[in-house]
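Construct all of the structure, not just a fragment, from the sequences and the given hints.
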Amino acid sequence: MDRKKSMLAETMILFLFALSKTSEEVNINTYKRYIYLYYLTSGFINNNSDDIEIIVEKGDIKIIEFESIISDFVLKEYIETEKNSIIIKKKLLDFVDALLRNKDGALIRRYKEIQPFVSLIQSYNDQFVFTVFFSEPTFREAPLRGVSEIHSANSKLAVLLKQFKSKVCDTRIDEYDILAYWMDYILRNYYNIGADGDAVEE
Amino acid sequence: MQLRNEDFLNSYPEIGNFQAEYSILSCLFKDCEGMFFLFEIKDLDAIRNQYGNVVKYIKQYYKSHEIRAFILSVDERIDYITVVKSSGLTTQIEQLYNIAMERSKKNSSFVLVCAGTSNVLFHEGIFDECYKNVYSDKQRFLQAETLKYNIDDLEKVFELFHVERKYIDCDYIVNGKVSDSITEQKLRNHLMDYLKEKTNMMVIPELCTSNKEDEESVDISVINKNKEVSIIEVKYFVKRGLFENPDKQAYSFARFTDGYKQLNKYCLHLNQENYYLHSAFLYMFYAHSETVGEIVSRARERFNTFLRQSECNDYFKYNYKNTILDNMLDQKVSI
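In the order they appear, the protein sequences are chains H and Y. Residue numbers for the first sequence follow the working numbering, so the first one is 83 and each next one is one higher. Residue numbers for the second sequence follow the working numbering, so the first one is 715 and each next one is one higher.
Treat the hints loosely; a few may be bogus.
[As the list claims (entries may be wrong)] Which residues of chain H face chain Y? A few of them, derived with a C-beta cut under 7 Å, are:
#1 F212
#2 L242
#3 F246
#4 D259
#5 L269
#6 I275
[As the list claims (entries may be wrong)] Restraint-style ranges between C-beta atoms, simulated for each label pair:
#7 D789(Y) / K172(H): 23 to 31 Å
#8 D176(H) / D972(Y): 47 to 55 Å
#9 N812(Y) / E135(H): 55 to 63 Å
#10 K165(H) / N847(Y): 36 to 44 Å
#11 D759(Y) / N184(H): 20 to 28 Å
#12 E859(Y) / D179(H): 55 to 63 Å
#13 K819(Y) / E135(H): 35 to 43 Å
#14 D176(H) / E878(Y): 30 to 38 Å
#15 R183(H) / D759(Y): 23 to 31 Å
#16 S88(H) / C884(Y): 49 to 57 Å
#17 E139(H) / E911(Y): 39 to 47 Å
#18 K1035(Y) / I146(H): 56 to 64 Å
#19 L181(H) / E747(Y): 29 to 37 Å
Keep in mind that the hints were calculated from the coordinates and are not lab data. Heads up, the beta-carbon is just placed ideally off N, CA and C, and yes, glycines get one too.
Structure below.
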């Protein structure tokens, strides 16, 4: 397995481990959107340059190696897939649990980056995540620019959030607050709800 | 509403502290729905790292016959104490508010009250208004979502589009006639904007239906959160005498057959591209002197003829749902 794929597999398994705390089942499309949004915001939140390749086509994304990693997880009996659902198995939890016992390992550092993101993103339901996903600027602008392949390292969203942060003077407001605010901003706009909670006249 | 990055950037004065933590806390109420408990946390940031563990712990140690305060300590350990014994659901909400208020003041902490329909946060003895606003926003999103239509309701949305247009001016109807400048693109865009507003789906113009075949793209496609796709081919025809210019005319009933042929091709190719094709519609705008019943008969005749042709494939037969007839000159009647 090449390095890029193994890094993505690591991210994907840590996501499933974090998600399993509240539910053993996750919608596979929502899960893919979580991974997409994680990588697209990672340059802003964690300041890391992990890159994944994403094909944008026909109103959807294809994360390179995503399907193949899912198949690997099924083969290893870490998960089961059923229609649109992934069911997280105990074998995955035991496996990741054992790896995370090494408190000085690289994996625990990555888990500490993923855990807060998962806590935040799962406070938005599947439909909200879908809306946020198709409103995300990198995805939204790709067809306008005639682009079909994007790299998460070139995230338009990360640039936008960085620009936003540079305007905010209150140092108590951090990257996660800004990400949450952006998602709420998208949803308020989508549902025509003003900041004061009233419906907005178009 | 058009989403613009500049508007987002200019909205920065509206952001408040703890936006992320409030969002996460608001989910605790949903994940532990129906439970009566308090949740106390001194360092609110810690909820980001411990949310999953907190939910798991509460579900493990919750008791319906007493009220427990679950506590996430500064060193991120989770524990509980019993604050009201042997009362459970009969406990008065006011009593829980008082306990939460006192504890949050005494410990300089945040205390969340989750009890039935109550979801209230206290911070250092004071009701936290900012949390209330974040939680209210989430409730408004959920409420607004219930008003959006999904992929199974498309025919209802088409009907609403037609009815609403009777009462709202549109630029392709002028003084009871069809505008000479009408184009298929204009009609498509109007319908597409309406679908964006009324449905909870991603609406895409000109979806290319095949990577291999060189062909036209379907006019409108809508995709839901489970990647189910509905495709809509938009066409129109106008009889001579119904345009502003009395000598102008556009197309004929043959547009029905053109539409079915195109949908037939798109259905085949989308299935080959592994789409979850949910349904296919022909949306026909028209202006004609014949009655609706006569137009329906003509459309049905062409549809049945097409079904008998060898080029008609099974995917079209499975996925075709309906032909929508939209009489552009069906306008509000004032007597």
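Verification of the supplied hints:
1. Interface hint at F212(H): satisfied, since its Cβ lies 4 Å from the closest Cβ of chain Y, which is below the 7 Å cut-off.
2. Against a cut-off of 7 Å between C-beta atoms, the interface hint on L242(H) holds, since the closest Cβ of chain Y lies about 6 Å away.
3. Hint status for F246(H): holds, given a least beta-carbon distance of 6 Å to chain Y, under 7 Å.
4. Nearest Cβ of chain Y to the Cβ of D259(H): about 4 Å, under the 7 Å cut. The hint holds.
5. Look at L269(H): its Cβ gets to within about 5 Å of chain Y, closer than 7 Å, so that hint holds up.
6. The restraint placing I275(H) at the interface with chain Y holds, with a minimum CB-CB distance near 5 Å, inside the 7 Å limit.
7. Taken as a hint, the range 23 to 31 Å holds for the pair D789(Y) and K172(H), whose Cβ atoms sit roughly 28 Å apart.
8. Checked against the hint of 47 to 55 Å, the C-beta distance between D176(H) and D972(Y) comes to roughly 60 Å, which is inconsistent with it.
9. As the Cβ distance of N812(Y) to E135(H) is approximately 56 Å, the hint placing it in 55 to 63 Å holds.
10. Hint check: K165(H) to N847(Y), Cβ distance near 38 Å, so the stated range 36 to 44 Å holds.
11. Here the CB-CB span from D759(Y) to N184(H) is close to 25 Å, well matched to the stated 20 to 28 Å.
12. With their beta carbons about 36 Å apart, E859(Y) and D179(H) fall outside the hinted range of 55 to 63 Å.
13. For the hinted restraint 35 to 43 Å between K819(Y) and E135(H), the CB-CB distance of approximately 53 Å leaves it violated.
14. In this structure, D176(H) and E878(Y) break the distance hint of 30 to 38 Å, their C-beta atoms being roughly 56 Å apart.
15. Checking the proposed 23 to 31 Å range against R183(H) and D759(Y) shows it holds: the Cβ atoms sit about 24 Å from each other.
16. Against the hinted window of 49 to 57 Å, the Cβ-Cβ separation of S88(H) and C884(Y) comes to about 56 Å, which satisfies the hint.
17. The supplied range of 39 to 47 Å is broken by E139(H) and E911(Y), whose beta-carbon atoms lie about 25 Å from each other.
18. For the pair K1035(Y) and I146(H), the beta carbons lie near 35 Å from each other, so the given range of 56 to 64 Å is not met.
19. Checked against the hint of 29 to 37 Å, the pair L181(H) and E747(Y) passes, with Cβ atoms roughly 33 Å apart.
The structure shown violates the earlier hints numbered 8, 12, 13, 14, 17 and 18.
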